[in-house]
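Asks: Sequence:
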Amino acid sequence: EMVNLYRLIECTDADIATVKAEIEKHVAYTGSARGRFILDHWEAESAKFFKVFPRDYERMLECFRKVEEQGLSGDEAAMAAFEENLKDLSRVGGN
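Under the working numbering, the first residue of the sequence shown is numbered 1, with each subsequent residue one higher.
Hints are not guaranteed to be accurate.
[Unchecked claim] Computed spacing ranges between beta-carbons, pair by pair:
hint : residue 1 : residue 2 : range
1    : K20       : E62       : 22 to 28 Å
2    : F37       : F82       : 40 to 46 Å
3    : D40       : F82       : 42 to 48 Å
[What the hints assert, rightly or not] Taking lysine to aspartate or glutamate pairs in the EDC-like style, the calculated list, with each CA pair at most 20 Å apart, reads:
hint : residue 1 : residue 2
4    : K25       : E1
5    : K51       : E1
6    : K48       : E69
7    : K66       : E43
8    : K51       : E22
9    : K87       : E43
Treat the hints as calculated values from the structure; they're not laboratory data. Only a predicted model underlies this, so the values are computations on that prediction, with no experimental measurement involved. In this text, a Cβ means the ideal position worked out from N, Cα and C, and glycines have one as well.
I would like the entire structure built from these sequences, with the hints used as guidance.
Replies: Next up, the structure:
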């Protein structure tokens, strides 16, 4: 598998807020009845959403977090994270 799936309700508050804000914008721009229904029943409907997270991207973000914890930032952090990701054996299988 090339992606991980996470239930939106198990994601960060920021992820949940982003999805809700995008639906709110969609409703504002289009008048979508379905979007309005989702917002009006957010507690139940949000449980049906999933976050699709490419494994390569998730692994790279984790590498980036690790090098930032070591005090690197900017281009230095990006290069160190890239090099760390190259060493990751989980990449061998293409995932």
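Asks: For each hint, tell me whether it holds in the structure or not.
Replies: Hint-by-hint comparison with the structure:
1. About 26 Å separates the C-beta atoms of K20 and E62, a value consistent with the hinted range of 22 to 28 Å.
2. The supplied range of 40 to 46 Å is met by F37 and F82, whose beta-carbon atoms lie about 43 Å from each other.
3. The hinted window of 42 to 48 Å between D40 and F82 holds, with their beta carbons roughly 44 Å apart.
4. As the CA atoms of K25 and E1 are separated by approximately 32 Å, the hinted pair breaks the 20 Å bound.
5. Under the criterion of a C-alpha separation no larger than 20 Å, the hint pairing K51 with E1 is consistent with the structure, at around 15 Å.
6. Restraint check: the Cα-Cα separation between K48 and E69 comes to about 34 Å, which exceeds 20 Å; the hinted pair is violated.
7. Using a Cα cut-off of 20 Å, the hinted pair K66 and E43 is violated, with the two alpha carbons roughly 34 Å apart.
8. Annotation: proposed proximity of K51 to E22 holds, straight-line Cα distance about 14 Å (limit 20 Å).
9. Annotation: proposed proximity of K87 to E43 is violated, straight-line Cα distance about 42 Å (limit 20 Å).
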